[in-house]
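**Q** This is what each chain is made of:
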Amino acid sequence: MRARGQVDVAAGEAILSIENVSLAFGGVKALTDVSFDIRKGEIRAIIGPNGAGKTSMLNVINGFYQPQQGKITFKGKPRTKMRPHEAARGGIARTFQNVALFRGMSALDNIMAGRSLAMHVNFFWQLLRYGPAMAEEVAHRRRVEEIIDFLEIAHIRKVQVGRLPYGLQKRVELGRALAMEPELLLLDEPMAGMNLEEKEDMSRFIIDVNNQFGTTIALIEHDMGVVMDLSDRVVVLDYGRKIADGTPEQIKSNQAVIDAYLGVAR
Amino acid sequence: MDLLYQIFIDPFVQMGTAPDLLVQTLWEGLVSGVLYALIALGFVLIFKASGVFNFAQGIMVVFAALTLVGLYEKGVPAFLALALTVVVMLGLAVLVERLMLRPLVNQPDIVLFMATFGLTYVLIGLGEMIFGGDPKVMIADQLYLPRGAIDVQMLGGFVSLQKIDIAAAVIASLMVAALAVFFQKTRIGRALRAVADSHKAALSVGISLEQIWVVVWFAAGIVALATGIMWGARSNVSFALEIVSLKALPVLILGGFTSIPGAIVGGIIIGVGEKLGEFYWGPLLGSGIESWLAYMIALIFLLFRPQGLFGERIIERI
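Read top to bottom, the protein sequences are chains A and B. So the first sequence is numbered by the working numbering: it starts at 1 and just counts up by one. So the second sequence is numbered by the working numbering: it starts at 267 and just counts up by one.
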């Protein structure tokens, strides 16, 4: 069971709110009229059967997809058309369902890439690797080493990530997202394909990130035990529509959710 | 027996008895190798960052050289013309990104490859329309490129080194060093490698694909300009140069498509191999040897290292 953090999420303000968002690809409706919010400091789970539109929802939040309708407000500002790199600059980091790492680079370089936004020294100094550029590189490197220690991946930091086992790749990917020091962290099935021990490790990291750094987290996960343990609030999607929204206890006993997962006798 | 002797023994006897000729051949091979490497470098840059084999690299070389000479002929001072050509290459990079890459984002690589074919013909047409189809003379003197030769006495004979070749080698080395540092050590370099590996992951950490593409195509344009000046100074600036640029293919196969040092080493191996083959084995096998020997060398290397000399090993977990 999770020990609740210092942040009182029940009264927290929304860092992100989604109002009546609809998204379609041609004639296929991925999301229909979905509204929910994510409060500052909480762990918010998005669940639902396969094809329910969970990943589409994350893609909308970080700008990979542009919804046709609806309003998204992030940190109090309504957002118009937003591209992914702009979302990243605004403080939204994410991981992917099928790990998307820079396979040719080492774990360390992957995580350093997450710092690229925070680095500002001009190009000329960078080329010379001298003066401010050196100081900056060193400062960022220190921060990255902290993240590496935090995720307990010091032993693999120089290894090309393509060679790593899946569980560690997922951890490196989380590290890269953390390196961005995001305000909102989106995790797309962070525990897919993991064994029990790896799941426990990953759960621990997620809770620590939330507690220690105060990062708001939205995650998609299929393992109900994990979802119920980790999250403060859960939103349930089915066929692109929201069917339920509430605390884990409320969701467990919600008839619509049970029907969606188990099917309804007609 | 006799034929075997001619192939395997005789050339080496010749090398031993006339070492000055050997040195001369090696030098010429080295120089053409450096020029191949320059062209290959342009391909590698774009391949690294977008996974696309840019068929238009050859015509970009011609286009850059033509722009430079064309501007000079219109009365623009040589160095101003050089600066303006750099601006034109930047403009080209921006246009390519806007009109070609951005609409084709997330399309399969083969689609982008075909688009570079299209770009090739657009640039050929544009070049002919603006500058005409006649060969032009590179403004080497106006750019203070050295001419003439240095004769070095060594090994009982003379070895003649063209000054322009020395300049080409120096410029190419500087360029390669700068690019290597740029890729390996800078934040933008890291971003470039990131984009090369995964577009969506790069986007998710806040790297702008648009900016990166402009940077890469601009860098490739600068490399094309340098190549155009050097090749142009040795022969002429004409559309035939585009064909020469396909010599970069065996270099790329040899060096690996993603490696800058690979392009250099590959270029030199191909250049030297080609000249040695032409000089010592050419009479035996017929003079057509230069058109296929480079591919032959590349293929033999490929048998042993499918990823090229310095290419990234492709690791796939199954």
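Check each hint, because a few of them may be wrong.
Heads up, simulated BS3-like pairs for lysine-lysine below, C-alpha to C-alpha not over 25 angstroms straight-line [said to hold, decoys possible]:
{"id": "1", "chain 1": "A", "residue 1": "Lys77", "chain 2": "A", "residue 2": "Lys158"}
{"id": "2", "chain 1": "B", "residue 1": "Lys451", "chain 2": "A", "residue 2": "Lys29"}
{"id": "3", "chain 1": "B", "residue 1": "Lys466", "chain 2": "A", "residue 2": "Lys158"}
{"id": "4", "chain 1": "B", "residue 1": "Lys466", "chain 2": "B", "residue 2": "Lys429"}
{"id": "5", "chain 1": "B", "residue 1": "Lys429", "chain 2": "A", "residue 2": "Lys71"}
Some chain A residues judged to face chain B by a derived CB distance under 8 angstroms, without partners named [as the list claims (entries may be wrong)]:
{"id": "6", "residue": "Asn62"}
{"id": "7", "residue": "Arg89"}
{"id": "8", "residue": "Phe96"}
{"id": "9", "residue": "Ala135"}
{"id": "10", "residue": "Ala139"}
{"id": "11", "residue": "Arg142"}
{"id": "12", "residue": "Arg143"}
For the record, the hints were derived by calculation from the structure and aren't laboratory data. Every residue, glycine too, gets a C-beta built ideally from N, C-alpha and C.
**Q** Compare the structure with each hint and give your call.
**A** Outcome of the hint check:
1. Among the hinted pairs, A/Lys77 with A/Lys158 is inconsistent with the structure: their alpha-carbon atoms are about 40 angstroms apart, more than 25 angstroms.
2. Annotation: proposed proximity of B/Lys451 to A/Lys29 is violated, straight-line Cα distance about 45 angstroms (limit 25 angstroms).
3. Of the supplied pair hints, the one linking B/Lys466 and A/Lys158 holds, its CA atoms being roughly 23 angstroms apart against a limit of 25 angstroms.
4. With a C-alpha separation of about 48 angstroms, the suggested pairing of B/Lys466 with B/Lys429 is violated against the 25 angstroms cut-off.
5. Straight-line distance between C-alpha atoms of B/Lys429 and A/Lys71 comes to about 67 angstroms, which puts the hinted pair past the 25 angstroms bound.
6. Interface hint status for A/Asn62: upheld, as the beta-carbon distance to the closest one in chain B is roughly 7 angstroms, under 8 angstroms.
7. Restraint check, A/Arg89 versus chain B: the minimum CB separation of about 5 angstroms is within 8 angstroms; hint holds.
8. Taking 8 angstroms as the C-beta cut-off, the interface hint given for A/Phe96 holds, the closest approach to chain B being about 7 angstroms.
9. Taking 8 angstroms as the C-beta cut-off, the interface hint given for A/Ala135 is violated, the closest approach to chain B being about 14 angstroms.
10. Residue-level restraint check for A/Ala139 is violated (minimum Cβ-Cβ distance to chain B is 13 angstroms; threshold 8 angstroms).
11. Of the supplied interface hints, the one on A/Arg142 is violated, with its beta-carbon coming no nearer than about 16 angstroms to a beta-carbon of chain B, more than 8 angstroms.
12. Because the smallest distance between the Cβ of A/Arg143 and any Cβ of chain B comes to about 14 angstroms, over 8 angstroms, the interface hint for this residue is violated.
Hints 1, 2, 4, 5, 9, 10, 11 and 12 from the earlier list are contradicted by this structure; the remaining hints agree with it.
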